[in-house]
Amino acid sequence: MLKNALSFLLVVMTTLAGQAQAALTIEIVGGAAQQIPIAVVPFAQPTTQPENLATVINSDLRRSGLFRALETRGVTNQPHDLAEVKYPEWAALQAQALVVGKVEVQPNNRLKVSFRLLDVLKQAPLAGLEYDIAPAQLRSTAHKIADVIYEKLTGEKGVFDTRITYIIKQGNRFQLQVADADGANPQTVLSSVEPIISPSWSPDGNKLAYVSFEKKKPVIFVQSLVTGQRQVLANFKGNNSAPTWSPDGSRLAIVLTYGANSQIYLINADGTGLQPLSHSSGIDTEPAWSPDGKWIYFTSDRGGSPQVYRMSPLGGDAQRVTFEGGYIVSPRLSPDGKLLTYIRREAGRFRVAQQELSTGQVQLLSETAEDESPSFAPNGRMILYATNINGRGVLSIVSADGRTKQRLSEAGGDVREPSWGPWTK
Amino acid sequence: MNKNLVMSVVLVSLLAACSSKPVKEEPKAAVEDKSPVATQTAPKAESAPAATTAPVSDVKTSVNPLTDPSNILSKRNVYFDFDKDEVKAEYRPLVEAHAKYLVANPSAHVALQGNTDERGSREYNLALGQRRAVAVKKVLNVYGANDKQIETVSYGEEKPKASGHEESAYAENRRVDIVYAGE
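Chains as they are written, first to last, in the numbering used here: chain A, 1 to 425; chain B, 1 to 183.
This is chain B alone, in the form it adopts within the complex (with noise of 0.2 Å):
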């Protein structure tokens, strides 16, 4: 991991010493790219509210019912139809039990990111994932928790989970996921 980024940066420099125009690079972008990968080598913060979750999950306090597969709580994808925001019913209880969790964790952070297909301009797939984002966003609401607990991006369509040009790949990548804090 850490020699890709390194590789990446070199790149960077290379291409830098090659324009033969006065362009300008920023290494700044792949640096700054260590900063998630950081992030995810401390996983500490999403344990620890796991501790005090005990009344939601009502087992063992050592298992984190975010990441035990048994838990509703562990799965984090609600998926949409092209074009469209409504969070369908099949992902009602999801958003449910993630809205109690939040209220029952004070302390918890969620990001809602907003994703979708490739089809159709960029622009407003970024606006569309962010709309999805805040559809979820509205149920969670619905369901108690706080909007302070709560962050809502889009990736639109730059960030795309399943990379064929098809519609099992377009239908897994219309999606939102729900990525607590620390995670």
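Next up, chain A with everything else stripped away, as it sits in the complex (with noise of 0.2 Å):
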């Protein structure tokens, strides 16, 4: 009774889900010049689930670019533990690693999802987990699965099992949705017929704070994305907007007018303890911390033009981070701080570059031309960005190496102001 009762539950709520908010779709545009030649196999699992474990792996190890999905249908025995597996038929489709899986329904109704990754030449276990889950998270144990095989194979953590938060306007309505990575499971946090902007993940993932203009003017919020509770962190006179956590979680960075120009000033998570920081006649903005927490970059066109700064969270001077390029905006810091991305004009053209903080050494790394708030995912090899193509806002993802792209649109919706979010507990 009680089972049924769940269950027709779930199938209302993903019904509706799926009604209100189509997913973002994929494509994928080139690849590592090494890829890894992978071969899995689709799981053992009830023909009732709606994706197949296979697929979502497969589709998370592609768009890393650094792995060749390989077609299993072609091979007779298609096993789904290491007893089945018959070796040969693996190293003939040139596979150098093979993953076979399969999901069981258990009598409490919960899930047990077993695989085991192999190595086809060594012929030997490389990985293999269980995992006891409500039927609900299949899809997340499906990209932890990948984040299992991507780090055994790369030497890397995997970011399949993280999310990504961004706008997307529909007609005159704005909703900041978070999704996971690939754009799947969109839920809205905040809807409005007034514009929203910059959200910002808080370092646990659990909360994000953003600009709305829903008082006619630009206010940051906080909001719970356990609870979904919010509540107003600055609203002072003039415009408040372009909030960002420090690495620790207990304050933000933002920026106020007080009516005249955008100056940087700090405040505590809990809305307490306003305290001003840069001071210049110019606009200073989008601050971004440092991973150990030692500087706040940010945009200044104290120079004449907008340039990357930094200085101290605790004040001091202003030391110039970028020189080349006439317009320079929107800078973040990579997860090992040695990197800086930001969007660079060049030729009229607005594009994600990568900065070396060591070297000033700097690639461009897209070829579109109004790409706009650049962020790095949680283990620094993508970054993910919005662009516009044939006059609709959509996002991309670009490999660090620039090698491959990913871009994520939604039918009938401008999408905006991406941002990774952080690995998660």
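It is possible that some hints are incorrect.
Unchecked claim - Result set (BS3-like, lysine-lysine): computed pairs, CA atoms no more than 25 Å apart in a straight line:
1. B/Lys148 / A/Lys294
2. B/Lys100 / A/Lys215
3. B/Lys159 / A/Lys144
4. B/Lys159 / A/Lys215
5. B/Lys75 / A/Lys157
6. A/Lys217 / B/Lys148
7. A/Lys217 / B/Lys84
8. B/Lys148 / A/Lys169
9. A/Lys215 / B/Lys161
10. A/Lys237 / B/Lys159
It is worth saying that the hints were derived from the structure and are not from the lab. Source: prediction; values computed, not measured.
Using the hints, build the complex out of the two chains.
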């Protein structure tokens, strides 16, 4: 009885969510020079489940640009656990790695998901895990498995089981949404007929700070993604904008005008303890903390055109960081603090660039002309940004080496202001 | 108009019902939107100062100088170059006229709404729109307008008047609007 009621509820909610919000669709362009050929055999799982886990895992691995997902349907044996694997069949397919797994329904209606990652050449298991999950966690479990595979084979932590936030404009309606890193499972955090901009993740991934114009001027709100509760963080005279959390989550850097030019302030996460930080006669905005909390990078036009500067959150003088290009905005640091990404105007085009902080070396990463708001993935391997294709806002992801690009778009909507969320536990 | 507002409220609540995670809606955002509509339908505040402005317009008292197409005060747009906030010489007479109007009508209040084109970052453009509004305010001050009569606000690139993606649309959107209280 209870079981039936629960599954009915699930079906209803999924259907409604699907109707209200179509997920972002993905296109992938390019890939790394060296790709690992991998075969992910379709999982043994109840056919009533909407998607085979192998589909989600394959799609994750392909999006990274580092893997070549092999077609497995031609192989007669379709193994689902170690005992069923016949290695020569997969060696013949030229797979270096093989993934097999299954989903079993347990008596309590929870699911048991198990998989094995195997080295085809050495004929040896590389990893294997079991998950005891609720049915709703099936897709995120596929992302977790893809993360394990990615880490085992590349030596770096994966970002498939992370989330992104962005604003979608449809007609005259603005929605702040949070979705899985592949654009699936979008959830609306806030819906408004007035603009919403600059969403920023708290370091624990549980909250978003953002700017809403619902009070007819820019005001900063903080909203919990767990309870949905929200509160005004800053509603001072003039504009309140550009919130970014300090790495320890205790305070935020924000931008206020008090009726004059935009300057950077610090404020505690509970809205107390406002203190001014920058003091210039120009525009100082878009603060971004270094991961060690020692610097705040920001956009300033104090030198005549917008460039990136940095200063200590304790105050003092600002140092200029960017020198090439007449218009540089939206700085964001890589998670290891070594790279800076920003938007640079180049012959009338606004493109994503990446600068190595130790050498000052700059690489342009995008080929588009109206790029905005870049942010690094938590492992630093990819940069998510907004761009304009045929007059419509879409999201793009470029690998840090510039070789692999993904595009996430939604038909009938303008997507903008993306930000990649942190790893959560 | 009212139908649209009701529609958006309904949509908002529908969405709230659809979310399968505990995400929060803010119906106030849609509800609060009614207020500007309401103020637009109450233009009395605007015609009141007009009656006291005979010295400026020196024509029939029945004509509101702020809306009379033959009066420079009916012109409300100051345009800017890309990434610039200088009030160009061609717009000085317009801003000067509004300054004189404010001096002659101490009860009049004006909002200077700064806007930018869509290129570049939204936050930088929000700051730039603000600086454009402040630039117009400074010119008003030069001609004697009181700070207390002036409010500056920036919409950055968020409320484009022209929706295209070419220079003519960009030029139209690089703009400060002079809006009197009650309009």
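Hints not upheld, ascending by number: Failing hints, ascending: 1, 2, 3, 5, 8.
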